[in-house]
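2 protein chains.
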Amino acid sequence: MKKSDTLRDEIKDLKRKRILDAASELFFQHGFKGTSVEAIASHLQVTKPFIYYHFENKADILAGVCGRTTAFVAQSAEVAAAGSGGVWQRLESLVRDLSLRVIEGRVYLAVYFREENHLPKSAFRDLSRNRTRFDTALSKLLREGIDAGEFHIPNISVATQAITGMTTWIFNWYRPTGSLTPDQIAEEMVGLVSSMVRRPSPDADGGRILTSPS
Amino acid sequence: MKKSDTLRDEIKDLKRKRILDAASELFFQHGFKGTSVEAIASHLQVTKPFIYYHFENKADILAGVCGRTTAFVAQSAEVAAAGSGGVWQRLESLVRDLSLRVIEGRVYLAVYFREENHLPKSAFRDLSRNRTRFDTALSKLLREGIDAGEFHIPNISVATQAITGMTTWIFNWYRPTGSLTPDQIAEEMVGLVSSMVRRPSPDADGGRILTSPS
Numbered sequence: 037m038k039k040s041d042t043l044r045d046e047i048k049d050l051k052r053k054r055i056l057d058a059a060s061e062l063f064f065q066h067g068f069k070g071t072s073v074e075a076i077a078s079h080l081q082v083t084k085p086f087i088y089y090h091f092e093n094k095a096d097i098l099a100g101v102c103g104r105t106t107a108f109v110a111q112s113a114e115v116a117a118a119g120s121g122g123v124w125q126r127l128e129s130l131v132r133d134l135s136l137r138v139i140e141g142r143v144y145l146a147v148y149f150r151e152e153n154h155l156p157k158s159a160f161r162d163l164s165r166n167r168t169r170f171d172t173a174l175s176k177l178l179r180e181g182i183d184a185g186e187f188h189i190p191n192i193s194v195a196t197q198a199i200t201g202m203t204t205w206i207f208n209w210y211r212p213t214g215s216l217t218p219d220q221i222a223e224e225m226v227g228l229v230s231s232m233v234r235r236p237s238p239d240a241d242g243g244r245i246l247t248s249p250s
Numbered sequence: 037m038k039k040s041d042t043l044r045d046e047i048k049d050l051k052r053k054r055i056l057d058a059a060s061e062l063f064f065q066h067g068f069k070g071t072s073v074e075a076i077a078s079h080l081q082v083t084k085p086f087i088y089y090h091f092e093n094k095a096d097i098l099a100g101v102c103g104r105t106t107a108f109v110a111q112s113a114e115v116a117a118a119g120s121g122g123v124w125q126r127l128e129s130l131v132r133d134l135s136l137r138v139i140e141g142r143v144y145l146a147v148y149f150r151e152e153n154h155l156p157k158s159a160f161r162d163l164s165r166n167r168t169r170f171d172t173a174l175s176k177l178l179r180e181g182i183d184a185g186e187f188h189i190p191n192i193s194v195a196t197q198a199i200t201g202m203t204t205w206i207f208n209w210y211r212p213t214g215s216l217t218p219d220q221i222a223e224e225m226v227g228l229v230s231s232m233v234r235r236p237s238p239d240a241d242g243g244r245i246l247t248s249p250s
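In order, the protein sequence lines correspond to chains A and B. When we follow the working numbering, the leftmost residue of the first sequence carries the number 37, and every step to the right adds one. When we follow the working numbering, the leftmost residue of the second sequence carries the number 37, and every step to the right adds one.
Rather than coming from a laboratory, the hints here were simulated on the basis of the structure. Careful: at least some of the hints might be erroneous.
A pair holds if it fits inside one copy or across any two, identical chains being indistinguishable in the list.
[Stated by the list, open to error] Below, in silico cross-link-like pairs of lysine to aspartate or glutamate (EDC-like), each with a Cα-Cα straight-line distance of 20 Å or less: (1) K69 - D219; (2) K84 - E74; (3) K176 - E224; (4) K94 - E223; (5) K69 - E152; (6) K48 - D183.
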């Protein structure tokens with residue numbers, strides 16, 4: 037019983053995901069207003085009732101598009117903030133995850149930033165809540181790193197937004213035809229955040245002194 | 037003769053700026069499609085011919101809104117890259133300027149990111165050109181800092197986009213009622229970029245060694 041329930045859920049999720057993928061592409065190309073539920077159905081070669089079985093209306097599909105990536109990253113940040121490993125290791129893994137999620141969800145995010153005005157109020161509130169959850173968790177992680185003496189951050193809320201901004205912005209410049217793979221971009225972001233927030237390690241100083249010319 | 041020409045230009049600029057300010061507010065609130073030239077005129081308490089004297093049509097007004105901040109920042113970056121002072125001083129001043137421009141032009145930028153699909157093709161090309169100018173100039177400045185041994189940056193193009201992203205993102209979170217002034221936010225951004233790209237100075241190492249407990 038349990039097994040088939042899980043399978044049923046997975047299939048439902050897969051169908052929802054397909055609808056959201058198609059919708060986000062069409063919203064991206066033609067705008068929310070310029071895309072009908074019929075066009076989404078036709079793009080997927082399914083019937084309109086198939087779509088309406090999964091979503092109430094077009095605004096509900098938009099809410100699904102906008103909510104997907106933001107819910108994932110809010111959860112990632114909360115997992116990182118609540119975790120028990122080294123604080124830098126958790127931040128590093130969050131920055132990596134965030135960069136990869138942004139690359140994967142770049143069309144969803146582009147639609148979100150363009151069309152959020154068309155969201156139903158309840159969805160708008162949910163998205164704001166995702167955002168607050170994300171900001172709170174990332175700030176908590178930065179605070180923990182400062183308290184542990186590992187991070188040097190003059191203003192936590194500006195640093196939170198800087199990290200959010202530099203990673204989110206990837207949606208705007210990433211091209212699949214570019215010279216770096218998503219994994220390479222994520223590693224570069226990890227390196228930049230490392231330089232930005234971590235205190236230089238005493239080892240690095242030792243190394244520099246040993247090789248110092250004078 | 038020259039003097040009155042300058043005055044005339046300044047007045048023309050002022051009028052254009054007023055139209056763009058009103059238009060960006062209305063585009064922001066009601067969308068590009070939901071705003072008529074009549075509504076812009078009425079908001080400013082001027083006639084429609086007054087607007088049409090300065091702009092060809094509504095899409096031309098949108099091009100003005102989208103182009104204003106991007107042209108300014110492209111120019112700032114080119115000035116910084118071509119300057120002759122210390123490379124960090126020029127990057128510092130660019131990051132400060134960029135942060136302040138983003139805060140000042142946040143409604144313009146929000147409209148730009150939402151409505152760029154409605155831009156005439158020629159305006160779209162101009163904006164892409166501004167963006168390329170900006171990216172090229174900032175990359176050049178980072179390269180100069182690396183060559184001077186002052187910056188440590190593993191990948192210049194990712195670092196360029198990271199700096200662009202963290203500063204541009206301010207448009208999304210800045211609130212005039214927040215606890216930091218625009219100047220304070222700009223200084224925080226300068227500090228974060230400094231940590232991100234500059235090599236620790238030898239002085240700092242010296243200080244740490246002198247006060248080292250062992």
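These are the hints, each one checked on the structure:
1. K69 - D219: neither (35 Å within a copy, 39 Å between copies)
2. K84 - E74: Intra 6 Å, inter 39 Å, cutoff 20 Å: intra-copy only.
3. K176 - E224: between (23 Å within a copy, 19 Å between copies)
4. K94 - E223: neither (37 Å within a copy, 43 Å between copies)
5. K69 - E152: This pair counts as both: shortest intra-copy Cα distance 12 Å, inter-copy 15 Å.
6. K48 - D183: neither (44 Å within a copy, 55 Å between copies)
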